[in-house]
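Undergrad: Residue numbers (my numbering), protein chains in the order written: chain A, 1 to 126; chain B, 1 to 538.
Hints in this document: simulated from the structure, not taken from any laboratory.
All of these numbers come straight from a predicted model, not from anything done at the bench.
Don't take each hint at face value.
[Unchecked claim] A partial selection of chain B residues facing chain A, derived with a Cβ cut-off under 10 Å:
(1) D87
(2) I137
(3) S225
(4) F440
(5) M522
(6) E523
The beta carbon of each residue, even a glycine, is placed where N, CA and C say it ideally should be.
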Amino acid sequence: MGNEAHTPDAAASVDFEQVQSTGQFQELRKRHRSFVFPMAVAFLLWYFAYVLLADYAVGFMSTKVWGNVNIGLILGLLQFVSTFAITGWYVHYSNKRLDPIAKEIRDEIEGHEFDKHGNRMGGVGK
Amino acid sequence: MIGIATAVDVAALKETTLLNMGIFGLFVAVTMVIVFRASRNNKTAADYYAAGRSFTGSQNGTAIAGDYLSAASFLGITGAIAINGYDGFMYSIGFLVAWLVALLLVAELLRNTGKFTMADVLSFRLKQRPVRIAAAISTLAVCFFYLLAQMAGAGSLISLLLGISDLRGQALVIVVVGALMIMYVLIGGMKGTTWVQIIKAILLIAGAAVMTLWVLAIYGFNLSSLLGAAVETANNPAVLNPGLQYGKTETSKLDFMSLGLALVLGTAALPHVLMRFYTVPTAKEARKSVVWSIWLIGLFYLFTLVLGYGAAALVGAETIKAAPGAVNSAAPLLAFYLGGPLLLGFISAVAFATILAVVAGLTITAAASFAHDIYANVIAKGKADADTEVKVARRTVVVIGILAILGGILANGQNVAFLVALAFAVAASANLPTIIYSLFWRRFTTQGAVWSMYGGLGAAIVLIIFSPVVSGGATSMIKDANFALFPLSNPGIVSIPLAFLLGWLGTVLDKKREDTAKQAEMEVRSLTGIGAEKATNH
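Model the full structure from these sequences, guided by the hints.
TA: Structure below.
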């Protein structure tokens with residue numbers, strides 16, 4: 001058994017491969033991956049560009065822009081800004097594009113639309 | 001020595017020891033009462049480990065921030081910036097950006113799939129025994145390295161407060177911390193420690209905010225003037241530029257890259273942070289809690305920039321290095337400069353509680369992992385009842401407490417942020433590849449997981465043992481010997497890519513295929529949250 005962790009629930013007798021093959025689920029997976037993968041690549045590239053600059057372009061990073069504030073400090077603070085921005089963006093995207101479709105699939109599973117043949121449960125657990 | 005720096009008289013600290021200890025004692029008493037009250041309903045295993053999944057997203061987010069903002073963040077980063085200038089800021093940035101990995105790729109999917117521990121998820125669709133054992137061992141290893149760092153922080157802090165500079169006295173301090181910690185965890189369980197984390201996170205962030213505003217006020221809320229003062233005290237304009245610590249040689253530049261890699265990839269693989277996602281009732285709450293914690297943690301790391309340069313300007317690197325506790329004493333010394341014994345007492349109590357709470361969180365994670373993954377699932381083969389499992393968890397707490405005390409005595413005196421970065425490197429090497437592969441790569445197999453986990457864990461630990469951290473340097477754990485064959489002090493740049501490679505190699509060379517039904521179940525569960533949410537309605 002993979003996981004005894006989950007107590008018997010609505011999902012106990014579900015044919016998950018059938019769920020996985022539905023267009024609806026494929027769409028959910030596509031929406032999830034098409035957001036998180038490019039975003040992860042983008043912020044990691046931006047972060048490592050910053051680390052490489054701090055490591056190997058000390059002269060550039062030390063250029064003063066405003067009083068004693070230099071480019072290195074500004075880029076560092078921009079890492080904070082981009083982190084907050086991506087966080088907000090992801091939450092917005094999840095609420096709008098992921099949660100509704102995930103809920104639909106959940107409701108269908110709980111409505112026994114994907115139960116294995118001859119294995120129907122009387123109701124949703126207790 | 002240096003202008004303003006003489007304003008902080010380290011000897012004067014001793015005169016206020018009673019006050020410091022009084023404030024600290026009060027704080028411990030209050031939190032203990034809360035732990036006792038919270039623990040009344042600790043009946044089931046779900047209560048003990050996952051706090052009955054009863055916390056809201058914002059409560060849990062604050063607790064995650066509490067778990068994450070350990071002594072490393074407060075004492076370690078402030079000290080690193082105060083002494084090494086800009087290079088210390090790297091910790092703040094890496095520790096924060098790392099949360100995006102957790103938010104985007106791991107937190108919700110993991111929450112939807114698992115129950116109590118990381119191993120629940122990793123062994124979901126692979127073979128139970130080998131994967132569970134590997135995940136539990138790496139959990140124990142990461143927790144151990146993280147605990148070392150916290151213990152070193154506790155030693156630094158208390159030796160500064162009490163003016164204890166001899167190693168035996170500091171060892172005694174560490175023993176007391178360990179004993180307190182064991183009591184916390186034994187009595188409170190996860191619910192108790194979650195409340196401690198919440199209270200402590202609020203106090204820590206508030207305390208840091210007050211100090212930040214205070215420092216900024218001294219310089220007319222002009223960041224440029226603060227930086228100018230730091231340059232003046234240090235008598236070195238390079239404190240504002242990258243490279244003061246890591247720019248010396250090509251090897252040290254590589255070390256900086258290695259550190260950067262470990263920091264950004266470590267967070268999403270820290271078992272005690274992952275476990276926190278299970279204390280909320282739904283995936284939506286898990287997301288909310290990560291968002292909360294990102295805001296709180298980001299805000300706090302902005303404070304550390306001001307506190308670090310503030311300590312550099314107002315206390316001075318020389319004074320900090322000479323004080324008991326050395327680099328880790330920058331934040332408390334700054335508090336003493338600003339607000340005298342009262343602020344020092346408060347800040348120290350908060351810092352101490354921080355260590356205590358983080359240690360408790362780590363210990364409970366390690367205990368849960370041992371009891372749930374190794375004892376219940378492997379030794380008792382799933383036949384152990386919940387009571388025995390909790391009993392084993394409690395005994396594990398005692399054993400881990402003793403190990404942490406011994407390790408802390410050894411690691412005493414090193415920068416806490418640096419030590420924590422080692423735990424990050426171990427976590428990123430041992431856990432992250434398997435977490436990512438099993439969530440996103442359908443073909444991933446047991447052999448890939450086992451190769452990646454043992455390979456990453458082994459490489460990271462072996463490289464640390466043969467690094468300048470352990471031997472051959474002035475601040476090494478073993479100063480008299482030199483077997484530092486590996487030149488970098490952080491192993492991440494080697495061990496993390498290696499672990500990813502091994503996971504891929506182990507999988508493509510594996511002739512066996514995993515159960516596709518299990519893979520389908522895991523994927524559907526992780527994306528939709530089916531099952532994970534209903535299961536809590538009892």
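Undergrad: With reference to the structure, classify each hint as holding or not holding.
TA: Status of each hint after checking the structure:
no. : hint : result
1   : D87  : 8 Å, holds
2   : I137 : 20 Å, violated
3   : S225 : 8 Å, holds
4   : F440 : 8 Å, holds
5   : M522 : 8 Å, holds
6   : E523 : 6 Å, holds
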